[in-house]
Amino acid sequence: MNSLRIYKGDTTPLLDFNIETMEFFMEGECRPENVLTYFEPILKWLDSYVDWLKNKKSAGRLNFNFKLEYYNSSSAKFIFNIFKRLKIIQSNGTQVNMFWFYDILDEDLLESGQEYEKILGLKFHFLALQD
3 MNSLRIYKGD TTPLLDFNIE TMEFFMEGEC RPENVLTYFE PILKWLDSYV DWLKNKKSAG
63 RLNFNFKLEY YNSSSAKFIF NIFKRLKIIQ SNGTQVNMFW FYDILDEDLL ESGQEYEKIL
123 GLKFHFLALQ D
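Quick note, in this note's numbering, the sequence shown goes up one by one and the last residue is 133.
Calculated directly from the structure, the hints in this document are not laboratory data.
Don't take each hint at face value.
[Said to hold, decoys possible] With a straight-line cut-off of 27 angstroms between C-alpha atoms, the simulated DSSO-like cross-links for lysine-lysine are:
1. Lys58 / Lys46
2. Lys69 / Lys10
3. Lys89 / Lys69
4. Lys89 / Lys79
5. Lys86 / Lys58
Whole structure, please, built from the sequences with the hints as guidance.
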């Protein structure tokens, strides 16, 4: 199993899912022209990661750092699907820490994170950023 790294584009975020450190980052803006083309390989990778983790003896702790400045409504469904896979990882015995970064003035982004937390039952840590 290899880590997943997708470099930041004009309309897509940096994705760095490091399986050795168990530090996952999603950072930037997320408004890909074709959300299915962008997210499908990410979701497939996460499905493989879920299976790979099941076979490990030590589950450990995974930190997911969500630092999107903006994501469009088309991306929201796929982000939710990423989080659902993290919920499965947690259900399988790995501690998952969710860090939701947001601009201190962006109440909408904070509320989105709180909504994901409520729906999924995953504990989020909300971290306000100032310019």
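Failing hints, ascending?
none
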